[in-house]
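> Each chain, letter by letter, is given below.
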Amino acid sequence: MSDTDLQDQAIQVDTEKGNFSYPEDYEFDAGVGLNEETVKYISKVKNEDPWVLDFRLKALEIFNKKPMPTKWADTDLENIEFEKIRYYLSKGQVPARSWDDVPDDVKETFERLGIPEQERKFLAGVEAQFDSEASYSRMKEDLEKEGVIFVGSTEGLAKYPEIFKPYFGKVIPTSDNKFSALNSATFSGGSFIYVPKGVKLKQPLQAYFRINAENFGQFERTLIIADEGAEITYMEGCTAPKFETATLHSAVVELVALKNAKIQYITVQNWSSNVFNLVTKRGMADEGAEVKWIDCNIGSRLTMKYPGVVLKGQGARGEVLSIALANDGQHQDTGAKMMHLADNTTSNIISKSISIGEGRSTYRGQVHMPKHLKNCKNNTECDALLINTNSRTDTYPAITTRGQNNTVQHEASVSKVSAEQIFYMMQRGLSEGEAMSLAVNGFVNELMKAFPMEYSVELKRLIDMEMEGSVG
Amino acid sequence: MTTTLENPTHSLSANEPSWLAERRAAGLDQFKSLAMPTARDEAWRFASVGKLSIDDFNPVPAPATSTLDALTERSDLVTARAGRCVYVDDAPANFEGISQELADQGVIYLPLTEAIEQHPELLEKYFLQESTELGSEKFFGLHAATVKAGAVLYVPKGVEIADPFVNYYWTSGTRSAVFPHTLVIAEDNSKVSVVDLFFSETKENEALNISVSNIHAGANAHVFRKIVQDWNEKTVSFQLDTTVAERDAQVQNVAVNIGAERARFESQTRIEGPGADVKMYSLTVAEESQEFDQRTYQTHNAGNAVSDLLYKNALLDNSRTIFSGLIKVAEGAQQTDAYQTNRNLLLDPTADANALPGLEILANDVRCSHGATTGNVDEAELFYMMQRGISRRVAMQLMVFGFFEEVIEKIDSDELAENLRQLIHNKFESKIK
Numbered sequence: 275m276s277d278t279d280l281q282d283q284a285i286q287v288d289t290e291k292g293n294f295s296y297p298e299d300y301e302f303d304a305g306v307g308l309n310e311e312t313v314k315y316i317s318k319v320k321n322e323d324p325w326v327l328d329f330r331l332k333a334l335e336i337f338n339k340k341p342m343p344t345k346w347a348d349t350d351l352e353n354i355e356f357e358k359i360r361y362y363l364s365k366g367q368v369p370a371r372s373w374d375d376v377p378d379d380v381k382e383t384f385e386r387l388g389i390p391e392q393e394r395k396f397l398a399g400v401e402a403q404f405d406s407e408a409s410y411s412r413m414k415e416d417l418e419k420e421g422v423i424f425v426g427s428t429e430g431l432a433k434y435p436e437i438f439k440p441y442f443g444k445v446i447p448t449s450d451n452k453f454s455a456l457n458s459a460t461f462s463g464g465s466f467i468y469v470p471k472g473v474k475l476k477q478p479l480q481a482y483f484r485i486n487a488e489n490f491g492q493f494e495r496t497l498i499i500a501d502e503g504a505e506i507t508y509m510e511g512c513t514a515p516k517f518e519t520a521t522l523h524s525a526v527v528e529l530v531a532l533k534n535a536k537i538q539y540i541t542v543q544n545w546s547s548n549v550f551n552l553v554t555k556r557g558m559a560d561e562g563a564e565v566k567w568i569d570c571n572i573g574s575r576l577t578m579k580y581p582g583v584v585l586k587g588q589g590a591r592g593e594v595l596s597i598a599l600a601n602d603g604q605h606q607d608t609g610a611k612m613m614h615l616a617d618n619t620t621s622n623i624i625s626k627s628i629s630i631g632e633g634r635s636t637y638r639g640q641v642h643m644p645k646h647l648k649n650c651k652n653n654t655e656c657d658a659l660l661i662n663t664n665s666r667t668d669t670y671p672a673i674t675t676r677g678q679n680n681t682v683q684h685e686a687s688v689s690k691v692s693a694e695q696i697f698y699m700m701q702r703g704l705s706e707g708e709a710m711s712l713a714v715n716g717f718v719n720e721l722m723k724a725f726p727m728e729y730s731v732e733l734k735r736l737i738d739m740e741m742e743g744s745v746g
Numbered sequence: 002m003t004t005t006l007e008n009p010t011h012s013l014s015a016n017e018p019s020w021l022a023e024r025r026a027a028g029l030d031q032f033k034s035l036a037m038p039t040a041r042d043e044a045w046r047f048a049s050v051g052k053l054s055i056d057d058f059n060p061v062p063a064p065a066t067s068t069l070d071a072l073t074e075r076s077d078l079v080t081a082r083a084g085r086c087v088y089v090d091d092a093p094a095n096f097e098g099i100s101q102e103l104a105d106q107g108v109i110y111l112p113l114t115e116a117i118e119q120h121p122e123l124l125e126k127y128f129l130q131e132s133t134e135l136g137s138e139k140f141f142g143l144h145a146a147t148v149k150a151g152a153v154l155y156v157p158k159g160v161e162i163a164d165p166f167v168n169y170y171w172t173s174g175t176r177s178a179v180f181p182h183t184l185v186i187a188e189d190n191s192k193v194s195v196v197d198l199f200f201s202e203t204k205e206n207e208a209l210n211i212s213v214s215n216i217h218a219g220a221n222a223h224v225f226r227k228i229v230q231d232w233n234e235k236t237v238s239f240q241l242d243t244t245v246a247e248r249d250a251q252v253q254n255v256a257v258n259i260g261a262e263r264a265r266f267e268s269q270t271r272i273e274g275p276g277a278d279v280k281m282y283s284l285t286v287a288e289e290s291q292e293f294d295q296r297t298y299q300t301h302n303a304g305n306a307v308s309d310l311l312y313k314n315a316l317l318d319n320s321r322t323i324f325s326g327l328i329k330v331a332e333g334a335q336q337t338d339a340y341q342t343n344r345n346l347l348l349d350p351t352a353d354a355n356a357l358p359g360l361e362i363l364a365n366d367v368r369c370s371h372g373a374t375t376g377n378v379d380e381a382e383l384f385y386m387m388q389r390g391i392s393r394r395v396a397m398q399l400m401v402f403g404f405f406e407e408v409i410e411k412i413d414s415d416e417l418a419e420n421l422r423q424l425i426h427n428k429f430e431s432k433i434k
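For the protein sequence lines, the chains are A and B, in the order given. Okay, so the first sequence: first residue is 275 according to the numbering used here, each after it adds one. Okay, so the second sequence: first residue is 2 according to the numbering used here, each after it adds one.
Simulated from the structure, these hints should not be mistaken for lab results. Do not rely on the hints blindly, as some may be mistaken.
Covered by chain B, according to a simulated footprint, are these stretches of chain A (three or more residues, beta-carbon under 8 Å) [claimed, not checked]:
id, stretch
1, 419-425
2, 686-693
Once the Cα atoms are required to be at most 30 Å apart in a straight line, the calculated DSSO-like pairs of lysine-lysine come out as [to be verified]:
id, chain 1, residue 1, chain 2, residue 2
3, A, K645, A, K476
4, A, K433, A, K533
5, A, K452, A, K339
6, B, K33, A, K645
7, A, K439, A, K452
8, B, K52, A, K648
9, A, K536, A, K365
10, B, K52, A, K345
11, A, K474, A, K645
12, A, K414, A, K533
13, B, K313, A, K651
14, B, K33, A, K345
15, B, K313, B, K329
16, B, K192, A, K345
17, A, K339, A, K318
18, A, K723, A, K476
19, A, K314, A, K474
20, A, K723, A, K586
21, B, K33, A, K648
22, A, K536, A, K471
23, B, K52, A, K645
24, B, K52, A, K340
25, A, K645, B, K313
26, A, K648, A, K444
27, A, K439, A, K314
28, A, K648, B, K428
29, A, K723, B, K428
30, A, K471, A, K444
31, A, K340, A, K444
32, A, K433, A, K536
33, A, K439, A, K586
34, A, K339, B, K235
35, B, K33, B, K313
36, A, K365, A, K474
37, A, K476, A, K414
Pair ranges (Cβ atoms, derived) [stated by the list, open to error]:
id, chain 1, residue 1, chain 2, residue 2, range
38, B, Y127, A, L351, 35 to 43 Å
39, A, L351, B, A163, 55 to 63 Å
40, A, Y698, B, D164, 48 to 56 Å
No residue lacks a Cβ here, since even glycine has one placed at the ideal position from N, Cα and C.
Work out the full structure: start from the sequences and follow the hints.
Right, dumping it as structure tokens:
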């Protein structure tokens with residue numbers, strides 16, 4: 275067996291790492307399809323306050339009213355069959371605090387994905403969500419003493435309404451888009467985090483999202499509040515088995531960075547290729563605060579995700595760094611939004627996409643600087659790499675600038691891996707696939723450095739895997 | 002909408018060929034069936050469509066001979082020319098035909114109506130065959146139904162003409178609607194240049210312009226088109242331009258946009274042969290409450306070709322500009338080089354620049370880039386000049402000239418370049434006290 279075969283074999287196991295599922299035996303199941311009863315069922319199971327149910331029902335109304343955004347978006351959206359999806363599945367609403375209490379099949383799922391191992395290594399806290407509810411949630415004790423709150427959405431709204439209610443649904447209003455409305459009606463799980471004034475988390479908090487059931491829709495809701503001067507890094511990962519039918523993931527993530535706070539939100543999205551991943555993410559940055567989205571999209575059938583930052587206070591900073599990899603049958607429709615609402619605010623967007631085979635990657639961006647502002651700056655760079663002759667990439671930015679001393683620059687380029695580069699490496703004994711992987715890794719290398727080390731290693735491996743057999 | 006525009010009153014030539022009658026009918030149909038653009042239309046994003054109205058504009062009767070003569074007199078921006086036509090409110094004012102020498106070589110340069118009569122086959126092949134795809138399909142329909150003024154230029158294979166053909170389109174009457182048309186057909190290996198100028202008689206006469214220009218550049222043809230749009234600020238203008246470039250064709254479009262209350266400029270380039278090289282340059286000075294709405298489309302259907310776009314806008318007062326460009330590289334169009342750059346210079350804090358630079362790439366072996374920047378004038382540079390006794394507005398004007406020189410110097414005629422500098426200067430003059 276040659277070296278490359280061995281390598282292929284080793285990689286083969288890893289590619290299939292997330293592709294398994296356990297029999298479905300759920301205690302709580304809202305059934306198939308979405309109507310008022312589904313929403314009431316979810317709310318009842320969660321024992322929610324009446325205002326939360328009202329919020330959900332209003333959202334359902336908005337969801338039903340809003341048209342699909344197919345005017346500008348991929349028409350593949352029309353293939354989502356909302357009436358065939360199951361909106362709530364769980365084995366219980368209270369997450370286990372000890373790994374031993376987690377049901378065996380769920381435990382095995384996450385062990386196969388390496389969750390407890392990672393926690394031991396370097397995380398300050400972990401939450402693992404299995405379909406609709408978190409099955410495991412734990413945070414290091416010393417953080418609890420400092421007043422850090424790290425709970426699921428249900429627990430957050432029930433136990434700490436005075437903290438979370440004022441910001442809940444405020445950064446992303448229910449009516450923001452059709453899918454934020456859908457999430458607001460059916461949300462379950464996700465993380466609600468509060469970091470008190472001046473507390474700086476040295477280690478990241480992590481959430482892991484897993485879809486196990488077929489025809490299921492996962493709608494987690496995350497709200498992170500960093501009080502004045504606080505700092506937090508949050509990471510999320512996600513996988514699902516490869517089912518024949520489409521699965522829907524539609525999250526809403528709201529970040530609130532108060533004066534001088536810093537929030538860094540890292541996503542490594544590796545859904546299987548049957549998942550519609552339609553996510554709304556937005557952060558609000560107060561005076562001197564910083565919100566940074568680091569976003570990596572490798573999996574899913576269609577991803578539509580445009581993380582945004584509302585730069586509300588003087589001197590606020592927003593950043594989006596994103597990597598997207600679109601393989602055959604995938605459309606990575608990603609981008610960023612920067613809304614400048616105060617003087618001296620700056621924003622930076624760097625997006626790199628790679629299209630392989632018939633994969634399609636799209637960048638959509640919006641940068642807005644209204645009239646009355648001074649000294650705002652935005653820098654946008656988007657680079658696309660096309661691997662095969664039938665690969666596709668699109669770029670659609672929208673930039674509005676007014677005001678004094680505001681500067682905006684946008685640059686985009688499209689390129690391919692040059693034949694000389696590949697020839698040079700192959701001449702030195704690398705296979706064509708290895709040479710291609712190396713070239714692609716070089717293309718994203720700059721951005722990769724922005725990810726925490728463990729993630730960039732993982733990312734590099736995922737990219738290597740996706741590149742296998744892609745040379746054409 | 003007025004019924005007059007929908008049912009043109011002016012008599013179109015009764016003996017028009019049937020193909021033209023059909024195209025006119027189809028155009029009218031298109032105009033009537035399509036809705037007015039709304040703010041929700043992606044092709045009209047950022048445009049203030051709420052304020053867009055073409056109501057109460059009508060084709061007007063031909064102006065008095067004295068007006069025609071006076072405006073012909075003023076049609077003097079380019080003196081060295083191979084031919085000239087002057088229209089006022091779509092009525093022919095003056096026509097300078099080509100020399101016998103060029104006629105002997107088979108060159109055709111005629112007013113539109115005469116070209117239809119004398120060369121129906123040629124016109125059937127090219128006239129009204131390239132519509133816009135950028136949002137003004139409705140207005141293209143109205144143009145097709147109504148057009149009677151315009152110039153047709155045909156250059157046979159291998160013929161090279163040094164001096165430009167110059168077409169002046171004036172408005173003069175009360176709420177006049179005009180539909181000028183420039184058609185350029187450059188056969189293989191030919192070389193030709195054209196200047197289209199759009200002017201208003203006074204600062205006050207309100208007008209609606211829906212003009213169309215189509216360039217067909219054959220294999221290795223060289224076409225250079227310059228467009229000067231200096232309507233008064235009571236004009237609503239649509240310019241719907243297309244360029245088709247065959248193998249090795251070289252086409253340059255340079256547009257200078259100064260006037261109009263609101264001007265929509267749709268410019269499409271379609272590359273159909275390898276080796277083609279198309280340049281699209283534009284500079285715009287926007288002031289007061291002017292709105293310049295620029296939509297461009299570079300389509301590469303063949304590989305190994307180049308397209309390069311540079312749009313520069315300087316904005317004063319409450320003016321607005323919208324640049325929305327798209328490069329589309331078709332599947333299989335490998336080795337394409339396509340570039341798109343939009344630069345906006347904000348001279349006043351209330352001006353508003355919007356940029357929507359887009360790419361759609363379906364081939365992998367390409368070099369494509371787009372860039373958009375928006376910035377203010379450098380305060381330190383302004384200070385330097387003001388310290389030397391130059392007033393703020395004059396200093397700004399100097400900087401605008403510096404900003405524009407990159408485009409102006411691409412114009413090969415010194416005379417025209419100097420005239421354009423003067424037009425830009427005039428625009429600033431009112432502001433320099």
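> Hints first: check each against the structure and report whether it holds.
Cross-check of the supplied hints:
no., hint, result
1, 419-425, "violated (count 0)"
2, 686-693, "holds (count 5)"
3, K645(A) / K476(A), "violated (39 Å)"
4, K433(A) / K533(A), "holds (25 Å)"
5, K452(A) / K339(A), "holds (9 Å)"
6, K33(B) / K645(A), "violated (38 Å)"
7, K439(A) / K452(A), "holds (22 Å)"
8, K52(B) / K648(A), "holds (29 Å)"
9, K536(A) / K365(A), "violated (35 Å)"
10, K52(B) / K345(A), "holds (24 Å)"
11, K474(A) / K645(A), "violated (36 Å)"
12, K414(A) / K533(A), "holds (26 Å)"
13, K313(B) / K651(A), "holds (20 Å)"
14, K33(B) / K345(A), "holds (23 Å)"
15, K313(B) / K329(B), "holds (21 Å)"
16, K192(B) / K345(A), "violated (43 Å)"
17, K339(A) / K318(A), "holds (24 Å)"
18, K723(A) / K476(A), "holds (18 Å)"
19, K314(A) / K474(A), "violated (39 Å)"
20, K723(A) / K586(A), "holds (28 Å)"
21, K33(B) / K648(A), "violated (46 Å)"
22, K536(A) / K471(A), "holds (11 Å)"
23, K52(B) / K645(A), "holds (20 Å)"
24, K52(B) / K340(A), "holds (27 Å)"
25, K645(A) / K313(B), "holds (21 Å)"
26, K648(A) / K444(A), "holds (26 Å)"
27, K439(A) / K314(A), "holds (20 Å)"
28, K648(A) / K428(B), "holds (27 Å)"
29, K723(A) / K428(B), "violated (51 Å)"
30, K471(A) / K444(A), "holds (21 Å)"
31, K340(A) / K444(A), "holds (19 Å)"
32, K433(A) / K536(A), "holds (25 Å)"
33, K439(A) / K586(A), "holds (20 Å)"
34, K339(A) / K235(B), "violated (42 Å)"
35, K33(B) / K313(B), "violated (35 Å)"
36, K365(A) / K474(A), "violated (34 Å)"
37, K476(A) / K414(A), "holds (12 Å)"
38, Y127(B) / L351(A): 35 to 43 Å, "holds (41 Å)"
39, L351(A) / A163(B): 55 to 63 Å, "holds (56 Å)"
40, Y698(A) / D164(B): 48 to 56 Å, "holds (52 Å)"
The earlier numbered hints that this structure contradicts are 1, 3, 6, 9, 11, 16, 19, 21, 29, 34, 35 and 36.
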